[in-house]
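Sequence order for the protein chains is A and B.
Per this note's numbering: the first sequence = residues 329 to 601.
Per this note's numbering: the second sequence = residues 1384 to 1518.
Note that these hints are calculated values from the structure, not bench results.
Check each hint, because a few of them may be wrong.
In silico BS3-like links for lysine-lysine, alpha-carbon gap of 25 Å or less [to be verified]:
(1) B:Lys1506 with A:Lys554
(2) B:Lys1438 with B:Lys1458
(3) A:Lys554 with B:Lys1407
Computed from the model, here is a short list of chain A residues facing chain B with C-beta under 8 Å [unchecked claim]:
(4) Asn464
(5) Val466
(6) Asp503
To list a few chain A residues with every Cβ distance to chain B over 10 Å, as calculated [claimed, not checked]:
(7) Leu361
(8) Arg371
(9) Lys554
The structure presented is a predicted model; accordingly, all values stated were derived computationally and were not measured.
A virtual CB, placed ideally from N, CA and C, is assigned to each residue, including glycine.
In case you want the letters, here they are:
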Amino acid sequence: MLAGVSGDDKALPSLQTQASRFLQEFLTQGEALVRDLIQENERLKSQADGESPTVNSVDVVVERLVQQIADLEHECHEIRTLAGSMREQSGGYQNRLDDLEREHYHLAAMYVAGNQFHAAATIDEVFRTTTEILLNFVGVGGFTVYAIDEEQQRAFPVVREGAELAECSELSLSDDSVLAALASPSGPWRNGGAMAASGDALMHLPLVAGTRLVGVIRIEKFLPQKNEFVDTDFSLLELISEHAGIGIETAWIRAHARDVPMQRQALESLVGG
Amino acid sequence: MIGRSDKQGRVNALVVEDSPPMRKMIVFALSRIRELSVTEADDGVDALRRIASTKFDIIITDINMPILDGLKLVKRLRADKAYKDVPIIIITTEGAEEDRQRALALGANAYITKPIQAPQVIKLVRETLGLLDGG
Ligand SMILES: [Mg+2]
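Whole structure, please, built from the sequences with the hints as guidance.
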C-alpha cells in the first residue's frame, strides 16, 4: 500500500523522502508480482508437459464418441436385420396371397366352365364352350374337335382352332391307332391317364358320356406364352372330358326328343322308380 | 387416384367381352378389388349403350368381338371428350401382336394376355387406377 497523505503539513517528511519510499514500495511489490507470474507459468508448463489434463479430456471425448458410433452401428445392424426379416415375411405373405388368388381363380374357372356346359342346350353351344375353355382358360392355341359317327365308326372334324378345318380329314376309330385306344373308354379322362400324344398332337382328350365315346379333341399346340400343362389345366381337361361328353349326348337326345308337357302321373312313376 | 363415380365412392369399371365364360372370369378377378363396381357388356355395341347412361372410370375390353370390335371401341372412346383420358385395358391373345400394337396406338393404356391370371389382372387394374394394395 502506498503512503497516505496526512493533513498535518508540518509532520510530513520531505518530498524526496516520500518519493524514495514510494519507489521502494513499488519495486518490492512489482518484484513479488513478477515472482508470482513466473511461478504460475512454471506450474502451467509442468502441467502441459506432465499430466496434460487437456489432451486427456479430448481423449475421453473421442473415446466416448467412438463408443457411441459403435453403439449406433450395432443398432443400425439390428434394425437392418429386423427390416430384412420383415421384408422376407411380408414377401412370403404376398406370395401366399398370390397363390390363394390363383387357387381361388382356378376354382371359379372350374365353376364357370361347369356352369357353361350345363347351360349349353345344343351341340353347337357345347363345342363353343369347349373352344372358349380350351383357348381362354387352359391356353391351348391349336386344337381340333372331332365328333363320332357311331354307325360308321369314324371321327370327323367339326371345330378347329389355330389352323384350317378343311385341312383335317376324318379318321377311322379302328384303323387309327391313337383313336382305337380311346374307342372303348371306361369313363371320362382323369389326371394321370394316358395323354395319347402323337407326332402332331400333345394329347388326345376323349369326350365321354358314361362309357360312350362321343368326341375327341386333338390338342395340337399351346398359345405362344405357354409351353406345358400345369396342375390346374389337368382338372379343366378332366372337366371338359366329362362335361362336354355329357353335354354332347344330352344335346343329341334333346335334338331327337319329342316335346311332351310334364304330367303328374308320368312324373310320379319316374320318381317312384 | 382416378375419380370415383358412384355414391359409395367406388370406381366404375366396364368389362367388354363377347365370350360369356371369359367375361365371368374377368368379372370374378375384378371382384377381388373391393373399390370396384363392375358392369358387363356383351360386345362393343352393348358397351356404347352402357356408356351412354353411366360414366365409367376404367374400361377393360376384348379385341375380337362381333359387330363392333375392341379396336373400333377404343377409337370411338378416344374421340369422345368424356372418355379421352379414361384408362382402357385391352385383353388379347399372345399371338395377336399386331392387334395389340394397334390398340395401344389408338390410345389403350395397357393390355392383359389370355389366358388371364387373377393376380396379374388385379395388379394391373390397381396400378392403372392408382389404388393401394390390399383394398
Ligand atoms: Mg372375343
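A quick look at each hint next to the structure:
1. B:Lys1506 with A:Lys554: Within the cut-off at roughly 20 Å; holds.
2. B:Lys1438 with B:Lys1458: 17 Å, holds
3. A:Lys554 with B:Lys1407: OK: Lys554 of chain A and Lys1407 of chain B at ~22 Å, within 25 Å.
4. Asn464: 5 Å, holds
5. Val466: Since the shortest Cβ distance to chain B is 7 Å, the answer is holds.
6. Asp503: With a closest approach of 34 Å, the Asp503 of chain A hint is violated.
7. Leu361: Consistent with the label, Leu361 of chain A stays out of reach of chain B, its closest Cβ about 81 Å off (over 10 Å).
8. Arg371: Given that every Cβ of chain B is farther than 10 Å from that of Arg371 of chain A, nearest at about 72 Å, it holds.
9. Lys554: Since the minimum Cβ distance to chain B is about 8 Å, Lys554 of chain A lies within 10 Å and the statement is violated.
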